[in-house]
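As a plain string of letters, each chain reads:
Number of protein chains: 2
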Amino acid sequence: MGYANVNHPSLNLFGIILAGGSGTRFWPLSRSHYPKQVLRLLGSESMLQATIGRVLPLIPLEHLMVVTSATQEDVIRLELYRTGWDEIRLVTEPIGRNTAAAVGLAARLLPAENEPILAVFPADHHIQDPEAFLQALGRGAELAKAGFLVTFGILPVRPETGYGYIQCGSPIDSHRKAYYASRFIEKPPLAQAEAFVRAGNYYWNSGIFLFSRKTILEAMARHLPELDGRLNALQNELASPQFEAMYRNLPSVSLDHGVLEKVDNLVVIPLDVGWDDVGTWGALKNLFPPDDQGNVALGNTVNVDSKNCIIYAQDRLVATIGLDQMIVVDTPDATLVCPLNKVQEVKDLVAELDRREMVESSQHLTVERPWGSYTIIDAGHGYKVKEVVVHPGKRLSLQYHNQRAEHWVVVQGEALVTIGQEVSKITANESVYIPVKTPHRLENPGLAPLKIIEVQTGPYLEEDDIVRLNDDFWRG
Amino acid sequence: MGYANVNHPSLNLFGIILAGGSGTRFWPLSRSHYPKQVLRLLGSESMLQATIGRVLPLIPLEHLMVVTSATQEDVIRLELYRTGWDEIRLVTEPIGRNTAAAVGLAARLLPAENEPILAVFPADHHIQDPEAFLQALGRGAELAKAGFLVTFGILPVRPETGYGYIQCGSPIDSHRKAYYASRFIEKPPLAQAEAFVRAGNYYWNSGIFLFSRKTILEAMARHLPELDGRLNALQNELASPQFEAMYRNLPSVSLDHGVLEKVDNLVVIPLDVGWDDVGTWGALKNLFPPDDQGNVALGNTVNVDSKNCIIYAQDRLVATIGLDQMIVVDTPDATLVCPLNKVQEVKDLVAELDRREMVESSQHLTVERPWGSYTIIDAGHGYKVKEVVVHPGKRLSLQYHNQRAEHWVVVQGEALVTIGQEVSKITANESVYIPVKTPHRLENPGLAPLKIIEVQTGPYLEEDDIVRLNDDFWRG
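In the order they appear, the protein sequences are chains P and R. Residue numbering for the first sequence follows the working numbering, beginning at 6 and increasing consecutively. Residue numbering for the second sequence follows the working numbering, beginning at 6 and increasing consecutively.
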């Protein structure tokens, strides 16, 4: 991958990336099947890709593990595939059971020999200075090897009431680059948060941790004996039919609350690296420079007299007049309007969408696939129209449909089309017809993207009417 | 048309409908090529259709004239066609020159014999009680025949600062159903407007007028001699090449300010008919019953804790959290977010869109045509995809394109398709290909709507690459 491996030769370092977030707080850009960790908020890289890329100079690919949940497994696997990182081990929780269970399972799955050191990274944080971050990680790894549990603390820049704070005690040595943790405070009221910011020895809990496999397993055995026992029973049942039920029965507790708050060998390394947890839409104010009126406006926007707003548009036009401290987010099938100070309630809104079983809570109109993507551009009684993009050299599965026929019109690039026994090459402005129940395959033999318009007709037009006969990817 | 003509036999009544509004204040639902008077805000009828339908019991179709401007001519003609009201005379101003010019021209175009009485109606007002309205019109027509200029006054229900007020003087007779107008006040400050509401003898100027042809032409000759002279010169030049330039040179003045404020024979008939000029998005609060939180929410909306808002969605989801006194309007290609008290600034926003030459100020993605409609559902380099709907029994022009080929896939209904010399009938799930430069025609021979997906490919894909060989409608 072109990353120089400057791995500390004396340390057997592993990385566990927690990528099971459900993405409710960035709705409508995130959906339950397209969570925050795969958003490309800051450019061409998803937050998961950035998280992995950031640590690769210190931890080789084959020492990384990504933990996700069943709902997100497909999209996470796709992210890894797309970047050529298929060899990263993917561990799928049937359902999220908080960080203690995820880390406890991951630690058990790592080889025990050679004193493995585990670094735990949330998959959806932003870090401006990756080099300083790696230096801090290296220091932390040494401490972990020495038997400490290590957490990284962020010097608070505002009295954030949504975070956990750690009070630091005495430095562990004369270099004063790490401190004993003396107290945890979760989501303090504003006055207390303000006092913490003034005090100077309180840090935000970043959620990035380091410890040896042995240290964390011993700590979990001591402080979370029930979880520990259940994980011991479960670790050899990954492929068994009981796994899902067993996992669902695990106690749901955070690593912070269940373990770190209770141990006496926790140290805090202050991290001054431009960290942001990108927790809500409000974070865009930290990630993008606001204009003279304090607005962060991205995409196709026109604004008259608004200030201090976050306006996130894509292709469609978002026009705003005289707004203050407001968030407007537009996506092809859903728009959100919400005051900045109510941004925490986005998750309540998504819960309401779930309650109404609205597809906008889970899916985008554009769905990414290992071979490319498709976008639903029109639908009505008895028909559905998609724009389908196939990456160069990729092909869809050989498949047929029991209930629909399809018309394909190539509009960009060239297609190798299999219909029944016939294979033909067609290019822009040519079309083919695929009757019901006829095996067919779409392939891009070219060097440029292939784009087709697919018109489906039939009584039933959902994705589950795909019978796959042969697939290049991991789909059955 | 099934309307009972209860025309006063003693009155030779004509109706002039002013339908030249540019529709900036209802953007993004209105566009310059889809103005407020054709919006269907309240149901299946456009405001223009409602305006005409309302007066038909009193004024027959052949006595109606619609005045519009060149930009709106197509869409207004389409509205009349769609309702079967083609015989209404359509007068097109090259450019709007305010109401005095429009009414002066229209009056000259009416036959002078039999003492014609002219009623002037804006095309974009809402009236809840059409029967009471017709009764008031009938009374007004009698007064107009007696030589009065008549305006209809609305008893103010709020201290609106955006309207003109008329102070009423003494009643013209013992019935006290009409009063001499004693003073005009245009857009008063709030304190004055509040005083007017309290006083009880001030009325909003509704913009609905009645006078005999002779009375208004004499009044214009006296009070607007320049406009009068230019209109005299212009009235026989409607078909001449000079018409446009001559019209552009007309003084732009309102009938109220130029004539009505200056005459001594103006009377006001109070109108208690649930009138609303539907002037801004805020009017939806008057037209639709708000819910318990004071919200008017139309279309696909989900709301958490917002109040006193107007939320206008269509197919796409609009989700709102904790808004107060806010307007959110969503259309397929543009969204507006604006506080209720800044609703007057929507026109400034549209001016900005015009300045940037953004298509969203003039056109919708769905364009209505005499034969049906089309919607642009996708577009990219070298291709454009439309959903085309053809009404039963209608057909598009016989046409060809110099730069594009087309693929048609029928998805609903049946199509009679002419391609070159070939005529064939195709139904849902069948497709045809139309090569570049090949004459073709699409027709719906059935009783149900025909819907096709049209995929265009070629280097140039705009509407002006249509060479019409034969058309059922008024297009060249």
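Think of the hints as simulated: they come from the structure by calculation, not from any bench. Check each hint, because a few of them may be wrong.
Treat identical chains as interchangeable: a pair holds within one or across any two.
Unchecked claim - Derived pair list, reagent style DSS-like, types lysine-lysine, alpha-carbon separation capped at 27 Å:
# : residue 1 : residue 2
1 : K312      : K150
2 : K352      : K192
3 : K267      : K442
4 : K352      : K219
5 : K219      : K312
6 : K290      : K219
7 : K150      : K347
8 : K430      : K389
9 : K192      : K219
Status of the hints after comparison with the structure:
In this homomeric assembly, K312 and K150 never come within 27 Å of each other (Cα to Cα): the closest approach is 50 Å inside a single copy and 57 Å across copies. For a Cα distance limit of 27 Å, the shortest separation of K352 from K192 inside one copy, 17 Å, qualifies, whereas the shortest one across copies, 45 Å, does not. Taking identical chains as interchangeable, the C-alpha atoms of K267 and K442 are never at most 27 Å apart, the minima being 61 Å within one chain and 80 Å between chains. Within a single copy, K352 and K219 get their C-alpha atoms no closer than 37 Å, and across copies no closer than 68 Å, so neither meets the 27 Å cut-off.
Taking the shortest Cα distances, K219 and K312 never come within 27 Å of each other, neither inside one copy (52 Å) nor across copies (56 Å). Proximity of K290 to K219 under the C-alpha cut-off of 27 Å is found in neither arrangement, the shortest distances being 41 Å within a copy and 66 Å between copies. Proximity of K150 to K347 under the C-alpha cut-off of 27 Å is found in neither arrangement, the shortest distances being 43 Å within a copy and 62 Å between copies. In this assembly of identical chains, the alpha carbons of K430 and K389 lie at most 27 Å apart whether taken from the same copy (24 Å) or from different copies (22 Å).
Proximity of K192 to K219 under the C-alpha cut-off of 27 Å is found in neither arrangement, the shortest distances being 30 Å within a copy and 80 Å between copies.
Hint violations for this structure: numbers 1, 3, 4, 5, 6, 7 and 9, all remaining hints satisfied.
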